[in-house]
Amino acid sequence: MSNAVTFDTRTDTAIPVESPLAFSYRQSGAPRAGSSSRVQLRERAMLGHLILRGGAIVLDEAVRDVLGISLPGKPQALVQDTSGERSIQWLSPDEWLVIVPGGEEFPLETQLRERLGNSHYAISDVSGGQTALEITGEAARELLMKAVIYDVHPSNFPVGKGVTTVFAKATTILRRPSEERWELVVRRSFADYCYRWLLDAAAEYSVNVEQ
Amino acid sequence: MSQSQQQVFRLKAGGRIDRSRTLSFTFNGQHYQGHPGDTLASALLANGVDIVNRSFKYSRPRGIVAAGAEEPNAIVQLGRAEAAQVPNVRATQQALFDGLAACSTNGWPNVQRDLMGLVGKLGGRFMPPGFYYKTFMAPASMWLTYEKYIRKAAGLGRSPMEADPDSYDHLHQHCDVLVIGAGAAGLSAALAAARGGARVMVADEQEEMGGSLLGSRETLDGTSADQWVARVLEELAGCENVTLLPRTTANGYHDHNFVTLHERRTEHLGETAPVVNGRRPVRSRMHRVRAGQVILATGAHERPLVYAGNDAPGNLLASAVSTYIRRYGVVPGRQLVLSTSNDDGYRAALDWKEAGCEVVAVVDARDAPAGDWVDAARAQGIKIITGSAVIEAKGSNRVTAARVAKIDIEAFKVSSPVQELACDTIASSGGYSPVIHLASHTGARPTWRDDILGFVPGLVKGVHACGGANGTYALGDVLAEGVEAGIKAAAATGHAAPTVNPPSVERLQQGPAVALFQVPHEKPSLRGPKQFVDLQNDVTAAGIELATREGFESIEHIKRYTAMGFGTDQGKLGNINGMAIAARCLNRSIPEVGTTVFRPNYTPVTFGAIVGRHCRDLFDPERYTALHQWHVERGAEFEDVGQWKRPWYYPQKVNGKTETMHEAVARECLAVREKVGILDASTLGKIDIQGPDAREFLARIYTNKWEKLAVGKCRYGLMCKDDGMVTDDGVTSCLAENHFLMTTTTGGAAAILEWLELWHQTEWPELDVYFSSVTDHWATMTITGPESRKLLAEMTDIDLDRDSFKFMEWRAGKVAGVPARVYRISFTGELTFEINVQANYAMHVWQTLFKHGEKYGLTPYGTETMHVLRAEKGFIIVGQETDGSVTPEDLGMQWCVGYDKPFSWIGKRALTRSDTKRENRKQLVGLRPKDPTVVLEEGAQIVFDPKHAIPMPMAGHVTSSYYSPILDSGFALAVVKGGLKKMGETVYLPMADGQVHEAEIVSTIFYDPKGERQNV
Amino acid sequence: MFYIYCPYCGEHREEEEFHPKGQAHIERPKDPEACSDEEWGNYLFFRNNPRGVHHEMWVHAVGCRKFFNVTRHTVSYEILETYKMGEQPSITADSQKQPREPAAVSHQEGVRA
Ligand SMILES: [Zn+2]
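Protein chains in written order, with UniProt numbering: chain A, 1 to 211; chain B, 1 to 1016; chain C, 1 to 113.
Incorrect hints may have been included.
Said to hold, decoys possible - When the alpha-carbon atoms are kept at most 20 angstroms apart in a straight line, the in silico SDA-like pairs for lysine to any residue are as follows:
| no. | chain 1 | residue 1 | chain 2 | residue 2 |
| --- | --- | --- | --- | --- |
| 1 | B | K353 | B | V731 |
| 2 | B | K851 | A | G55 |
| 3 | B | K675 | B | K461 |
| 4 | A | K74 | C | Y83 |
| 5 | A | K169 | B | H614 |
| 6 | B | K908 | B | R928 |
| 7 | B | K908 | C | E11 |
| 8 | B | K908 | B | Q894 |
| 9 | A | K169 | B | F258 |
| 10 | B | K901 | C | Y5 |
| 11 | B | K908 | C | C35 |
| 12 | B | K977 | B | G898 |
| 13 | B | K721 | C | K84 |
| 14 | B | K657 | B | E637 |
| 15 | B | K708 | A | K74 |
| 16 | B | K721 | B | E737 |
| 17 | B | K917 | C | D37 |
| 18 | A | K74 | C | E11 |
| 19 | B | K721 | C | E87 |
| 20 | B | K977 | B | E998 |
| 21 | A | K169 | B | I1005 |
| 22 | B | K873 | B | V1002 |
| 23 | B | K1010 | B | R802 |
| 24 | B | K461 | C | Y5 |
| 25 | B | K930 | B | I1005 |
| 26 | C | K84 | A | Q211 |
| 27 | C | K84 | A | P75 |
| 28 | B | K383 | B | D367 |
| 29 | C | K84 | B | K814 |
| 30 | C | K30 | B | W759 |
| 31 | B | K461 | C | I91 |
| 32 | B | K461 | B | H254 |
| 33 | A | K74 | C | I91 |
| 34 | B | K721 | B | R928 |
| 35 | B | K908 | C | I91 |
| 36 | B | K814 | A | G55 |
| 37 | C | K30 | B | T219 |
| 38 | B | K908 | C | Y83 |
If you are wondering where the hints come from, they were derived from the structure by calculation, not from laboratory data.
Construct the entire structure; sequences and hints are all you get.
Spelled out as structure tokens, the structure:
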């Protein structure tokens, strides 16, 4: 073990939870636009988010063993398992973001730590600190162009890419898990700002929010 | 009034307007009509409106001069509704829409009967050249006096007084090739680059793309120029890799090919964006373009000739005359005299004649003009007066005659008797100036070319200029240059050079132009009638001559002295003429006088488009904790801490009256000291530190010792920069041997994480340690006060016994059924537990605390109470007690400095510099006002001797000051020179109102000096 | 608005994602206690301000959070190269003396309108 402490922050008991956008829905609403909508927003709440730090070679083996997908070694790469529910994204040469279904993050961390033994690495659970916002629809790309300084043209942003960049005046992770879907990973404290920003910018596309 | 009566200058046919529809508009309250396709300027000319403004300084009547962005006079205030007011709109660039309302920005009470005109007569003496310069040299108060007058007189437009109903936004664009300008050069460049497969953007500022081709006499590939434009646009519009942006001005060209485009999306439709499907579309949009390559195809602006009386309505650019006739079907007069130095000007006379109006004469400065258009004019029977120029326009509200004479350009004098030709319009052409503004934004120096009598742009990497912008004017050459630029730009971005043949055009025979800028008059410039150089700022040739006589030699100085080019048009028409005049007066060449520099924006941009969506409640991110809604519902007042919204205090209603801040804070303070309070401390920065060298890293970055901190323990740490000055503080806990959790100040979280990375990445990469922010992951609820243990005990499985869970320790367990880490640390001096849970559970835990806490008097408190409580204990706040010039020793915190640590930690060496060791540094002390009802002002200066003559030597200042409810007294923290050795001494705080407060220097710890309460 | 190639991300990114951190290659003295006040003061406070080629440290703050070095021309603002922490520049003021003082990009001297 790397002599770090792990801590399962979740509990099975029926304790009410509030996703980062819970406040925003109450405060700003969640517009329903139906079929006329050209942009759809959906929070993928309560997922498990882990930050993995360490050398790519060391981590890759462990991740492959435990998660069954390989660690993306190339900058800006995003890989997913076949179900699309588990993903690993390159954040920096020694940093990756792992997103898994909620509740899987603690067993995953435990397994990774067992597998990694005494190597030098770090795993930090940030599940409570960020949330994923899915953006779909024909106007999704134009909506992103309003907010994101990074080039989201398909020639520069193919499926399987993810970047950390500027969203309006906040920092977000933007990724493209599939042809139709974009995903913003936003920090909890900025989630309301990003949500309000998206509602405002997407109003002209009759934005539809799925709760 | 019938339409035909109104639009008396409208041609029966021709132009690109739609005569089948009529649009109504008002100008200065008068009703007029025009057609779709008109600009406000063309519609005004069609209606015979001569005077569109009064001039800035002399209040002279002014008319429309140009047909595009270079227009200096027709600057209007747009908007019928108050909320829709837009100042600074050029009538030549404003599309006409039904219901448009515009008025002049100058002239009071109106442009026709201008009372300011009387003052204007004095204006020359009141604001001579050098007025600004001399005024700024005078005491600053003088400027305020003048400014009021100038604004009243000049009427620079006004802002709306009501909220703008429209929305604006930004679009972040990236492309291989950005083509600016969609005339002959731009379109052929875009076509070439697009066919090569590059991602192409084309921006053009006009209502329609095509530039001068829309009103050209020439044919391309045997078809009319406008048909060729339509064909090219159709092809480009069909390309997936091409974005066409009409009504879009490239306003700024910034570093590394970053260009800002301003797209007017609804300005041609109405004064506010028309509602579509129940909502208003975006009115204007700023495209922030990062381009691989930029092609400047911005064309050229015609230069007017500078002759006496050249500012009266009826004096126009020759090219503008052609544009009004050919594009808008408007002849802006009846009898034309054309004064030209080149062949191009002849087009105006030909167009005028073809429109069925009288060309009185073409006055050509050249002795023997020859060329196709000269021949055409002769063939039309137009009278050509050679070797001559219009030396003066007669008439003030409208041109009535042109005074024409032979001129000797070399000797700069009139060389024949003057003849007077009756006319109502004088068109002039002094040649063309390439539009080099955007290239100039990059800082590149333009180059003067004698052969075209103009500056061509200097070019940084990745930019091409073609066509008029490059001083190339013959259509065939322009098209070829465009294609070449397009191919080159596409190739530079990795797109194979396509084969594109420029369309074939007939090559015109043209004679050489003559260099004529200012036209001589019978009288010397300083005594003759005014010859205007900069119409918008009323700068005359005489003014420039005067400037050179007063010793100004560089054009940059002359511009400042005369204000030439300082208007909203940035001297698009006048700058080169002004430089030529200065050069003549100084007996130098134009480039020797200097080059001229333009800066963003090319034309004025509304604030809305600049701001985009970053306004109102989206102005700046507001960061919320997981408990924000509770605070809102509880009626908290919020304080901005960085971007966070933190509860400041929670005013309650007492007997129907809402507490003041003072009352609320006093209540909250006593609740903590006597019972239990709760604070949302989630905003504190939290950094997860893991790795075998984590402990060593902490020891290097903090001033104090970390080697012995055991698992389960917490320690306060102080951080310095290497200059020895305190930069952050916080508690760090040992979670496991190789695992620590650092907390930082709320405002410092991001900067401290970067700070740790800086040292790790640049100086100590050999240390095995990683840092990750977990600030948002945890919600932190601080319960503090004598009852806090009892409260927590009701809802946790953690053993809270004082001996098994000691002060400065942490434990894991469950709180309200939720996994939690609880830290026994204290920022209030009371028994305190900081409960940390995953943020998604925070609301449940918080509410449960209140369910159980009611019987203990659990009271939520905000940052103000937190400040009072910590100050009573003498705990510092970095950024309040410190300001980047305070060392740990200045704070009296030697207990937190590991002088004997093996590694020379960040800040250590600086503590032994002569200045940091100096006696008499400002040191942190407590201040007890002699009058306990006094709360000293934060920031108040401290002196030792209030009787000292002014200026008194300052001895320090108050850093924190509050009323303490528990002490029932004001108290303060302060930095005082040598303060630590002055305990018990009295200092004085002279206030602005003459009062002098007295205070005693005391310990910084005002309450519970032994620290017993937090240890219970 | 610079367009900066991050050597770790392997891409050009907008300046908004970066923070400038001052002159590059400033090394903290290995034994600070052995420095004179003057030497320590030089390390802390004194920096070059060349007209021409300059080496700067930047951090890809909104991105990979890595520090790296930028060789930039302080007149044209052209970025000549970027390189990772610990690497040495291949372009320096000396190596640039002959070909590069780009005439087309020299800024106007003195005041600007
Ligand atoms: Zn990077």
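These are the hints, each one checked on the structure:
no.: 1; hint: B:K353 x B:V731; result: 87 angstroms, violated
no.: 2; hint: B:K851 x A:G55; result: 48 angstroms, violated
no.: 3; hint: B:K675 x B:K461; result: 70 angstroms, violated
no.: 4; hint: A:K74 x C:Y83; result: 18 angstroms, holds
no.: 5; hint: A:K169 x B:H614; result: 8 angstroms, holds
no.: 6; hint: B:K908 x B:R928; result: 33 angstroms, violated
no.: 7; hint: B:K908 x C:E11; result: 39 angstroms, violated
no.: 8; hint: B:K908 x B:Q894; result: 12 angstroms, holds
no.: 9; hint: A:K169 x B:F258; result: 19 angstroms, holds
no.: 10; hint: B:K901 x C:Y5; result: 40 angstroms, violated
no.: 11; hint: B:K908 x C:C35; result: 12 angstroms, holds
no.: 12; hint: B:K977 x B:G898; result: 25 angstroms, violated
no.: 13; hint: B:K721 x C:K84; result: 24 angstroms, violated
no.: 14; hint: B:K657 x B:E637; result: 16 angstroms, holds
no.: 15; hint: B:K708 x A:K74; result: 41 angstroms, violated
no.: 16; hint: B:K721 x B:E737; result: 27 angstroms, violated
no.: 17; hint: B:K917 x C:D37; result: 12 angstroms, holds
no.: 18; hint: A:K74 x C:E11; result: 12 angstroms, holds
no.: 19; hint: B:K721 x C:E87; result: 25 angstroms, violated
no.: 20; hint: B:K977 x B:E998; result: 16 angstroms, holds
no.: 21; hint: A:K169 x B:I1005; result: 41 angstroms, violated
no.: 22; hint: B:K873 x B:V1002; result: 13 angstroms, holds
no.: 23; hint: B:K1010 x B:R802; result: 18 angstroms, holds
no.: 24; hint: B:K461 x C:Y5; result: 16 angstroms, holds
no.: 25; hint: B:K930 x B:I1005; result: 17 angstroms, holds
no.: 26; hint: C:K84 x A:Q211; result: 44 angstroms, violated
no.: 27; hint: C:K84 x A:P75; result: 15 angstroms, holds
no.: 28; hint: B:K383 x B:D367; result: 14 angstroms, holds
no.: 29; hint: C:K84 x B:K814; result: 46 angstroms, violated
no.: 30; hint: C:K30 x B:W759; result: 13 angstroms, holds
no.: 31; hint: B:K461 x C:I91; result: 18 angstroms, holds
no.: 32; hint: B:K461 x B:H254; result: 12 angstroms, holds
no.: 33; hint: A:K74 x C:I91; result: 27 angstroms, violated
no.: 34; hint: B:K721 x B:R928; result: 32 angstroms, violated
no.: 35; hint: B:K908 x C:I91; result: 36 angstroms, violated
no.: 36; hint: B:K814 x A:G55; result: 35 angstroms, violated
no.: 37; hint: C:K30 x B:T219; result: 76 angstroms, violated
no.: 38; hint: B:K908 x C:Y83; result: 31 angstroms, violated
The structure shown violates the earlier hints numbered 1, 2, 3, 6, 7, 10, 12, 13, 15, 16, 19, 21, 26, 29, 33, 34, 35, 36, 37, 38.
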